[in-house]
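Asker: Keeping their order, the protein sequence lines are chains A and B. Per my numbering, the first sequence starts with residue 1, numbered consecutively. Per my numbering, the second sequence starts with residue 1001, numbered consecutively.
By construction, these hints were calculated from the structure, which means they are not laboratory data. One thing to keep in mind: the hints can contain errors.
Chain B is faced by these chain A residues, among others (derived, beta-carbon under 10 Å) [stated by the list, open to error]:
no., residue
1, 52
2, 53
3, 57
4, 109
5, 167
6, 214
7, 219
8, 223
9, 249
10, 254
11, 257
12, 267
13, 271
14, 275
15, 276
16, 279
In silico negatives: residues of chain A with every beta carbon more than 12 Å from chain B [as the list claims (entries may be wrong)]:
no., residue
17, 86
18, 169
19, 198
20, 220
21, 221
22, 289
Yeah, the Cβ is synthetic: ideal placement off N, Cα and C, and Gly gets one too.
Number of protein chains: 2
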Amino acid sequence: MVDQRLCIAGLGLMGGSLALALKGKTRQIIGVDRHAATRQQALADGAVDVVTKDLASGVAEADLVILATPVRTILSILRELPALRPDGCLVFDMGSTKLAINEAMSALPESFAALGGHPMCGKETAGYGAADADLFRDKTFILTRNQRSTEAVEEIILAMLAEIGANPLFLSAEHHDQLVATVSHLPYLLSAALMRFASAQEDPALWQTSASGFRDVSRLAGSDPHMLLDILLTNKTVVLEQLEAYSGELAAVKQLLAEEDEEALADWLSSAQRQYIGYRQAKKALESDNS
Amino acid sequence: MVDQRLCIAGLGLMGGSLALALKGKTRQIIGVDRHAATRQQALADGAVDVVTKDLASGVAEADLVILATPVRTILSILRELPALRPDGCLVFDMGSTKLAINEAMSALPESFAALGGHPMCGKETAGYGAADADLFRDKTFILTRNQRSTEAVEEIILAMLAEIGANPLFLSAEHHDQLVATVSHLPYLLSAALMRFASAQEDPALWQTSASGFRDVSRLAGSDPHMLLDILLTNKTVVLEQLEAYSGELAAVKQLLAEEDEEALADWLSSAQRQYIGYRQAKKALESDNS
């Protein structure tokens, strides 16, 4: 039981799933969303107790405000919050990048206590329609501290993660943004670039020929572009650095192939397979640790 | 019922699955494989009626020889075949690239009748252990004609594909090699390069942070490097061209991000999502046509 009155701003995949996961496990959930259909559906599902499209009235009575919108909307709400809540409150967020958000949280008045969060789960389908009460179960939920983090807010958030079955992992915001660039932002760009490259060929036989390999590598291209735009712009430096380094890896294999350097090419391919097997084994070990 | 005596050379994922799919539906299957454990297991499963490690004795009595080894082994067997079978026979293959194989088939003596094939299905796990009688069901099976293709061999292969539930699609070898570079070889290289890039960071928190997005984009990195080496070397020109064009796509998005050209970046992301949705819809329409 989370003994707080929550306001969740943004009832999309993340906010909607959190509301569903906490249904009946908290004192009250106030849902804020700009889409009338989402508000109605969340209310009908009992995911939230009260809905409003007005952020000011949504946060007015809340003990804990949870920001579950795209990153740049989170940043703008954090700038508004001191005026909306001169008395301060607890703040948590579920944004996909953490450095800019943690800086904005650190700049809140001392009447606020704030913690950054990012659940490592997702679907390529966005919106409340894809929300799922079990989305966070057994998944890593990264937490990032800032200058407004207190033991009290950490305790409440850890209790909430325990309720939704997520595994907390504290990281610095810088470290988080590096890691997610590698496991999420870069893979997304590779996937989207592949989709654009393939579509540009306008070959009617292409989809008949495609199978599970193409499907898997291209899946992230279906991600919400609005959310991705915020992610890329708020993690620009890291993403550009990693794109550069990755392009070097591609250029290296291109040269091995061009030169038909069979031995070096075989090593390149084999090491990728070995690393993949190592990664899958590490994932399995983590999953059995958590179960 | 395929009324021929078959010799399947190579009882890996593809050859093993074909043997299992044709079990009891053909006069006889002779399996050739260099691994004793694979031969024993295929025999124990009843996937094949006879096994041998000796290609010459395997092909000696066969009406139809099916080559299911990596591409360059197929090419080497095609060079040996006229000496092993001076009387000629029917030849089919399941190699992953088709231009070099079709040229080698065209060079066979006129006593041979030959057709190229490539099933568009796969797993990242290679070998007989991953073989599955249903691997080809409802999947596209590309067929490529060469100068030794006859109506007779086409009829037999089409009957065989009907038995295993695959959907035949005739394409030129050149067209095939272009298409699979886009839907398979390039995605593989992107996946393997991502795996290498991520592993090079040696960050113990990386796998804890990774979720389904990274898993899907990296899955192809687990593919059999021996098979991939043959694929890349026998489709080198096309793969290099596509790597070049793809790198241009990555460089373009990198520049949009570096310049924070928000409008153009949003367009780039949105078109990738639209194309992904179009591709999934096209796949669904193809699947319902075939069912």
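Asker: Run every hint past the structure and note whether it holds.
Answerer: A quick look at each hint next to the structure:
1. 52: 28 Å, violated
2. 53: Interface hint status for residue 53 (chain A): violated (24 Å vs cutoff 10 Å).
3. 57: 31 Å, violated
4. 109: Interface hint status for residue 109 (chain A): violated (30 Å vs cutoff 10 Å).
5. 167: 8 Å, holds
6. 214: 4 Å, holds
7. 219: 5 Å, holds
8. 223: Holds, because the Cβ-Cβ distance from residue 223 (chain A) to chain B comes to roughly 7 Å (cut-off 10 Å).
9. 249: Residue 249 (chain A) check passes; min Cβ-Cβ to chain B is 4 Å, inside 10 Å.
10. 254: Where the cut-off is 10 Å and the nearest Cβ of chain B is about 5 Å from residue 254 (chain A), the hint holds.
11. 257: 6 Å, holds
12. 267: 9 Å, holds
13. 271: 7 Å, holds
14. 275: Given a least distance of 4 Å, the restraint on residue 275 (chain A) holds.
15. 276: Holds. Min distance 4 Å.
16. 279: 6 Å, holds
17. 86: 33 Å, holds
18. 169: 6 Å, violated
19. 198: Residue 198 (chain A) not clear of chain B: closest Cβ-Cβ about 5 Å, inside 12 Å.
20. 220: 5 Å, violated
21. 221: Non-interface label on residue 221 (chain A) violated, nearest chain B Cβ at 4 Å vs cutoff 12 Å.
22. 289: 10 Å, violated
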